[in-house]
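Visitor: Here the protein sequences line up with chains A and B, keeping their order. First residue of the first sequence: 9, per the numbering used here; consecutive thereafter. First residue of the second sequence: -6, per the numbering used here; consecutive thereafter.
It should be emphasised that the hints constitute simulated quantities derived from the structure, not laboratory data. Be aware that a few hints might be false.
Unchecked claim - Pair ranges (Cβ atoms, derived): (1) B:-3 / A:47: 26 to 36 angstroms; (2) A:18 / B:36: 21 to 31 angstroms; (3) B:-5 / A:17: 19 to 29 angstroms; (4) B:130 / A:34: 40 to 50 angstroms; (5) B:85 / A:37: 24 to 34 angstroms; (6) B:130 / A:17: 58 to 68 angstroms; (7) B:85 / A:18: 23 to 33 angstroms.
Predicted model, so just to flag it, every value in this text is computed and none were measured. Note that beta-carbon positions come from the ideal geometry of N, C-alpha and C, so glycine has one too.
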Amino acid sequence: MPEFAQGGTLLATTWRVLLAIGVPLLWAIASEMVVSLFHRKKDKC
Amino acid sequence: MHDVGFMAGLAALGVVVGYASGLFGVGGGFMLTPLLIALFRIDAGVAVGSGLAQMIAVGLTTARRHASKGYVDGRLTGFMAIGTVIGTTIGKFVLQRLSGMGKITLWGHTTPLVNITLNGLFIILLVSVAIRFFYADGEEAAGAKDHAPLRWPLLLPVSLPTSGIMQISLVSLSLGGLLIGIMSGLLGIGGGVVLVPLLVFGYGIPLRTAIGTSGLLVFVSALAGTIQYAATGMVDLWIVIPLMLGATLGVQAGAWHCHRLKTMHLQRAFAMLVLFVAGIILFKIWG
Chain A
9 MPEFAQGGTL
19 LATTWRVLLA
29 IGVPLLWAIA
39 SEMVVSLFHR
49 KKDKC
Chain B
-6 MHDVGFMAGL
4 AALGVVVGYA
14 SGLFGVGGGF
24 MLTPLLIALF
34 RIDAGVAVGS
44 GLAQMIAVGL
54 TTARRHASKG
64 YVDGRLTGFM
74 AIGTVIGTTI
84 GKFVLQRLSG
94 MGKITLWGHT
104 TPLVNITLNG
114 LFIILLVSVA
124 IRFFYADGEE
134 AAGAKDHAPL
144 RWPLLLPVSL
154 PTSGIMQISL
164 VSLSLGGLLI
174 GIMSGLLGIG
184 GGVVLVPLLV
194 FGYGIPLRTA
204 IGTSGLLVFV
214 SALAGTIQYA
224 ATGMVDLWIV
234 IPLMLGATLG
244 VQAGAWHCHR
254 LKTMHLQRAF
264 AMLVLFVAGI
274 ILFKIWG
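Working from the sequences, and respecting the hints, build out all of it.
Guide: Okay, structure coming up:
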């Protein structure tokens, strides 16, 4: 089992769930921001 | 944390899965999970959970890319999503009930009878879908055909302006979502590979809108699935991060291709993907 996934308290479970959905969500938002910046620059050219 | 070669391999796999998602609107779990288990020796539960978590990023990026061209129908996603989530729970429950059916020995391998039956039926369905895609004319996949068989316009009609549909039954859409969910729960697949043909041939949704909308539904179902798996410690972020780094790059390329391919070529490529999935399932039964 992954090291960050150990521990069984409610707080630990909540933290695991928040990390598991938060990291991909933040990555998707950040990468989309970079892509839109790139497209805006390309449109200006 | 894993070593650099392992992470680079995951990122490369992510690029392939992301490309398929961007091009076809599928989650890619049908190839990701078996490859994570076979090539990277990852525990099956962690492979499914981590695969689902990276699909949050992939689904959202896919939907965003297609939405930028107007190919995502948010209303359609909303009408189908509730049925999909309920259907997945029903499918899992039915699978548990059926798992006591006993075992069968084929070609020297003993496997549960329920696996052979369900996967065999699914392969027949996939091959039929592939043939339907091969022989559909470009106009049909372009969508908004009035004679789409599952519109049922007299039963609680709603409109889907993004898809160019004035009247379609809310009951039919919810039942469609439920059916996809049940299949997903029974077979352990995301459902995109069946959802896109259902939207195109059942409801007359244009192919690209079906692909973009499927991407958004992948995001919704991945979110629900990740919560379940993460709560039991089955999501490894050191697997998720390299996968989604590669996948978000792949999505850009896949969506770019999707917007540029001719509809006829896109539907033939989808047919090939469906046959590929049928091949993977056949290989799993055989193995």
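Visitor: Does each hint hold? Answer for all of them.
Guide: Now for the hints, and whether the structure bears them out:
1. B:-3 / A:47: 26 to 36 angstroms: holds, 32 angstroms
2. A:18 / B:36: 21 to 31 angstroms: holds, 24 angstroms
3. B:-5 / A:17: 19 to 29 angstroms: The hint (19 to 29 angstroms, Cβ to Cβ) holds, given that residue -5 of chain B and residue 17 of chain A are roughly 27 angstroms apart.
4. B:130 / A:34: 40 to 50 angstroms: holds, 43 angstroms
5. B:85 / A:37: 24 to 34 angstroms: At roughly 31 angstroms between Cβ atoms, residue 37 of chain A and residue 85 of chain B fall inside 24 to 34 angstroms, so the hint holds.
6. B:130 / A:17: 58 to 68 angstroms: holds, 59 angstroms
7. B:85 / A:18: 23 to 33 angstroms: holds, 24 angstroms
When each numbered hint is compared with the structure, no violation occurs for any of them.
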